[in-house]
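**Q** Listed below are the residues making up each chain.
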Amino acid sequence: MVIILRLEKIKLYNFKQYRDFEIDFSKFPQDNKDFHVIVAKMGVGKSNLLEAINWCLYGKELFGNIAKPTDPNVLSNSCLDKDGTHTVRVVLNLKDTDKNEYFINRYSKFKVSDRKATSLNEVYLIFGKNNELVRKELDAKKEVEILMPEDLRDHFFFNGERLDNYFDNVQSEKITKVIKKMSGLDTLENFKEFLEKVENRYIKMIRVNEKSETQKEELEKNLNRIKVEKKESEKLLEKTRGDLEATKKELQDVDLQLEKLKEYENIKKQIELLQKRLNDLNSTRKNILKEKVQTVLELSTLMFGWLAVEKVYQENFEIDFNYNYLPSNVIENALSENKCPVCGKELDEIHRNHLKYFSSNKEFVITKKEYMELIKSIKDLEIKRRNLNNQLSDTLPKIEETEQELYTAEANISQTASEELGKLYRRRNELESQIQQLNQRIGQLDSKIEILSEKEKETEMKISELAIQDSSNINKKIDFVRKIEQIIIKTMLNRKKEIRDEITSYVEEYLSKLMWKRDLIKKVEITENFSLNIFDSYENMILNRLSGGERSVLTLSFALAMHKAAGVNAPIIIDRPLANISGDTYDKLIEMFAKISEEKQIIIMLTDKEYQQSAELLNSLASTIHILEMNETSEVIISDRIAKGE
Amino acid sequence: MLKYSTSKLYDSLEKETISEFGEEGKDVFLLIWEIFSEYMNISGNEENKFIDKSINLIDNFFENK
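Residue numbers (the working numbering), protein chains in the order written: chain L, 1 to 646; chain D, 647 to 711.
In case anyone wonders, no lab produced these hints; they're calculated from the structure.
Cβ coordinates follow ideal geometry from the N, Cα and C atoms, glycine included.
Some clues are possibly wrong.
[Stated by the list, open to error] Here are the computed lysine-lysine pairs in the BS3-like style, where the Cα-Cα straight-line distance is at most 30 angstroms:
#1 L:K483 / D:K699
#2 L:K230 / D:K695
#3 L:K239 / D:K699
[Claimed, not checked] In silico contact screen, one side only, chain L against chain D (beta carbon under 10 angstroms); selected entries:
#4 G184
#5 R201
#6 M205
#7 V208
#8 F480
#9 Q486
#10 Q612
Please construct the entire structure, taking both the sequences and the accompanying hints into account.
**A** Below, the structure is given as structure tokens:
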């Protein structure tokens, strides 16, 4: 059964702004989670609480922002010990699922004068297991190391920043060192070097004839030189392989950025299309307007004349005969005699007027047919004008819409600097050429190592050949040691593969449990140099494409995998895990912490604002919530404690 | 190195030794493990002394073969 270690209590005396402080993480027995939240405003001392735990365990700072575990103000106001000094103390109480209780107490003595605290360089560490105390510091340190190995410290304690940058180059180097150390690979490497020294010692024991002494000495010197050169080349090869991996990763970054900037090219094309569309629409508008002007002009001309024509027509349309054919003198006589030139009857008012028109404005009279044609023309022109207006009202919004689209596209393009594109292409070329050079270098080093190995064998052979007969036993021993060296190399390779497979499968297991986007990561790979690669379903490396929240899930999955691979089940404590996360991911991360806490204890520290944003969820999931405040004497106190089942 | 890793290393080293030395491998492995486990606990300045000790152990191993 897996034994899980949990933090029960932390007690702080005079540590930074904590004068006499105790925080209790005991939880309701029926609660299947072990999830604890500490809430405090910025500056109250959340980070110092994590620093205190770290100081108690390892006597060192964690994130580099704690020079001394002291605050002269706190010390000045606290009670002096009998010897006139102040004691800073942190005590941790832990318990495992095997019912073992642990007690770790670290304290340090300080003197305060002129409001300055001076360390008396007296640090004590006491370790206790089930009431048995280990007072000797070195032994106590070993016990702490078994419980929570310092090498894995970066996998127990996090802050928001570290959750985010866990897989950057610096961290990767650290992770590699930790894996090598915890898996025994570094011990094996050192042991192999040690065996080479044993082998050299045996070579020195080979006895030769007096004449050959100098030659043997020369050969030994040569052999040492070859070995040193070979080792340097092997180290360089490893470093070059690391550089190659880092360069390839950078190339991926650049490719990723370039891909993002491909959007820039797309936007550019989109702008061109929009501009063309806008030009077409404007030219359509222009044509419509031109036609409309012509139509309106024509229409107004017709309308202007139409009023007069209408008047004449209306006055004359009842006359069913036409005088149009009569000569003008007949019309004039008829008017002077007041007699109709056709029937001879006396003229009435209508006929007189009609004749008058024929005598003076003959051309102004139109027939019904002409009148109807005129009306039709006006109507047609009016229909045309309305159609043109309709076309215009269709075109104008399209122009407005296109202008808006163009404006948005142009705004987008201004964000993606075109200069950047050039810079990235240049960097891409540089990196590609670097990769080529590094590959060449690796090839050269490989062949150099091969040549040196050959030389090494030849020289060893020459030394053996010089040996007088009674040295044959030593030669056997040398062969024996060399065989052991080969066994160590093979064991190293096996162990390396084993640990890579182990961590990979654990990371995959945790990711499938914790990642909310199920299909985001399809494959996890731990490289030869123990750096992590993750791929999507299209085999694209996507480590640098993950959001802050997704990176946090990956970091914790990796840390949990490291715990499992190392067989360590310590709590995870995270200071401000939501610091680099967008608000909409808060709840998902909190749910993830709660899920992890079903397997191991997890303690997170939040600001009051972060807590407020997800208070309801936190209240429902957390085993305990402690609200910290600073009282009027700048001392940290617990102002409220919410615990499940209480 | 973590205790947890030691047992894995033990198994792997034993397997490789037997595959290299055959029947004799079990005894060779015990010798390697004796040297290796002691090597893990020595400090840097004890190395030279430990080379002598290892040579003695190997010599004894050859004598007792």
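**Q** Look at each hint and say if it fits the structure.
**A** Against the structure, the hints come out as follows:
no. : hint            : verdict
1   : L:K483 / D:K699 : 19 angstroms, holds
2   : L:K230 / D:K695 : 26 angstroms, holds
3   : L:K239 / D:K699 : 34 angstroms, violated
4   : G184            : 4 angstroms, holds
5   : R201            : 6 angstroms, holds
6   : M205            : 8 angstroms, holds
7   : V208            : 19 angstroms, violated
8   : F480            : 7 angstroms, holds
9   : Q486            : 7 angstroms, holds
10  : Q612            : 41 angstroms, violated
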